[in-house]
Amino acid sequence: MKNFGTLVTCMALACMVSACTSSSGDSSGSSSTLVEDATYGGNQAGLGDDTQVTMGQDGALMVGDPYAEQNESLNYQGPEALRENNTIYFNYDSETIQDQYVGVMQAHAQYLRDNPDARIIIEGHTDERGTPEYNIALGERRARSVARYMQNLGVDVNQLSIVSYGEEKPAEVGHSEAFWSKNRRAVINY
Amino acid sequence: MFKILNRLLLTVAMLFLVANQAQAALQIEITGGINEGRKIAVLPFSQPDNIGVDVQAVVSADLMRSGKFSPLALSQIPQNAVTEGRLNVDVMAQTGAEAVVFGQVYPDNNVYQVEFQMVALMGAQKGQIIAHYRGPSGIETMRQAAHRVSDRVYKHLTGQDGAFRTRIAYIVYKHKDPYPYQLMTADYDGFNETAILRSTQPIMTPSWSPDGTRLVYVSFEQRKPAIFVQDIYSKKRTKLASYPGLNSSPSWSPDGTKIAMTLSYQGGQPDIYYYDLVNKQLVRVTDNPAIDTEPTWSQDSKSIYFTSERGGRAQIYRFDFDTRRSERMTFQGNMNLSAKAIPGSNSIIVITQQNGYRVARMDVDGSIYMLTTSALDESPSVAPNGSMVIYSTVYQGRKGLALVSADGRFKANLPSTSGEVSAPCWGPITDK
Chain A
1 MKNFGTLVTC MALACMVSAC TSSSGDSSGS SSTLVEDATY GGNQAGLGDD
51 TQVTMGQDGA LMVGDPYAEQ NESLNYQGPE ALRENNTIYF NYDSETIQDQ
101 YVGVMQAHAQ YLRDNPDARI IIEGHTDERG TPEYNIALGE RRARSVARYM
151 QNLGVDVNQL SIVSYGEEKP AEVGHSEAFW SKNRRAVINY
Chain B
191 MFKILNRLLL TVAMLFLVAN QAQAALQIEI TGGINEGRKI AVLPFSQPDN
241 IGVDVQAVVS ADLMRSGKFS PLALSQIPQN AVTEGRLNVD VMAQTGAEAV
291 VFGQVYPDNN VYQVEFQMVA LMGAQKGQII AHYRGPSGIE TMRQAAHRVS
341 DRVYKHLTGQ DGAFRTRIAY IVYKHKDPYP YQLMTADYDG FNETAILRST
391 QPIMTPSWSP DGTRLVYVSF EQRKPAIFVQ DIYSKKRTKL ASYPGLNSSP
441 SWSPDGTKIA MTLSYQGGQP DIYYYDLVNK QLVRVTDNPA IDTEPTWSQD
491 SKSIYFTSER GGRAQIYRFD FDTRRSERMT FQGNMNLSAK AIPGSNSIIV
541 ITQQNGYRVA RMDVDGSIYM LTTSALDESP SVAPNGSMVI YSTVYQGRKG
591 LALVSADGRF KANLPSTSGE VSAPCWGPIT DK
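Chains as they are written, first to last, in the working numbering: chain A, 1 to 190; chain B, 191 to 622.
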């Protein structure tokens, strides 16, 4: 059985868990790690912990600001030319970036290299097939795939963060391949 | 003539009022196994008009939903079942029911007494009272009192605890609502729906504490996933995890001491961790570059089932805390996901990929028994007595909940009166 480092500093942002982890070793596990990936999401642009929380008339907690989110598109801070061109679609159960999206990726990468203060959040999404928890992991793999590609195009890792919504935020709601192909995607947001 | 019409209208209006008071957030449409259960008769209870609950209707519906019984419809109950306060055993026996339940609700000082008797209609005990019970209830808890009757009847006839006084948690998505994502709880039959959290962003994977007072869930309210624990009564909550990357799939251990979850902050690889609520410490369970997720607990809290891609496609594995090893559990089917232990059984429930994604049961010998014929099933959750599985699927073009018995015979859809419903989690039995 492998013996991993007994104390690993926790990189949580606003984590109330005590800041240490102890490894208990998964015997069939492997120690190979992708160190560079750990930085994604460590510095999420514009995402503070300032979520609005109120209590509704029925006693339920209400979180988020519906008004702010309706006007989200008004707050777009990316390049105007890429406003409508920020989505990369994937084949079923794949995180491989297809050739037809290389142009889009290069355009965003160019902008990010020219504007070192610009930050993007790459959202990973899946279709509805499979279970929600598994799909969250698949969506993260898609977002990481795009992030890695951006890094290979010379974008600084600190300009990139990722989030997976799995199957929770479909672009199109429907229950056949015509809809699913629109939902297997990564979206670049500034 | 007018008088009669007026009275009729008044009655209709009153019925409407009662129906509105007791609206279920989830309807029930039986899609398989009707009339296959054991026949039983539940006679209308003698009860005051003001208690707001038709006890016979609640008990009958409970027994039917259990998948084990086919209660007689009111129209199948003979007119002369009871004459001058006496049960006509021979008349009732002709219905083919094995037993008859009858009873009354009556005022007793400041409360009501709910009383029932069950008489056998077959076998050596024919004509004998085989169960009886009386217990107090206020008007506001009358539905629970009716469910308690169901629990007693069920326990007596099956030897198994009833799960009729349990709550379920689920997520409702209401497209046009300013807070479209809503975490709700309701009685297992959809009554008494209560909102716990409404959000502008997705909520996922609610999981009950074993005492039924708290829920752990994932919320995207900060535009990134975080795991919260919330008290369902005070609504107060604590953030448990918001690491970079995944914070997903929380699952409370049956002994109440740990919450398992999937995190990916170490090396970007989704692995299984748990938060130890006693020692207030996060502990890593798996370390594998492939996806490990969907941790859930065995009944004794001594092992964790999880989904892993370490062998290629996603399959179910089990990590044993004694041996500290992970062992592959599923070998049949292209993919198996979302394992859930079945209380009182060595089998597990999984979502298996075979002509779509379907709820299936894997028995100890490794064989997989398909329980459904739908294609987009997910989020199975097993009733605390192991009898039924509630899950999310797509029917009539919408996401909704459905029920299937653990033996696959009884099937029902639970269409919602509002929104698309998913991520059901069946709560514990808290009151015996």
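There may be inaccurate statements among the hints.
Computed cross-link-like contacts, PhoX-like style, restricted to lysine-lysine with a CA-CA straight-line distance of at most 20 Å [as the list claims (entries may be wrong)]:
| hint | chain 1 | residue 1 | chain 2 | residue 2 |
| --- | --- | --- | --- | --- |
| 1 | B | 366 | B | 229 |
| 2 | B | 470 | B | 426 |
| 3 | A | 169 | B | 229 |
| 4 | B | 366 | A | 169 |
No lab work stands behind these hints: they were computed from the structure. Small disclaimer: the values here were computed from a predicted structure and weren't measured.
Tested hints:
{"no.": "1", "hint": "B/366 x B/229", "verdict": "45 Å, violated"}
{"no.": "2", "hint": "B/470 x B/426", "verdict": "19 Å, holds"}
{"no.": "3", "hint": "A/169 x B/229", "verdict": "45 Å, violated"}
{"no.": "4", "hint": "B/366 x A/169", "verdict": "14 Å, holds"}
Hint violations for this structure: numbers 1 and 3, all remaining hints satisfied.
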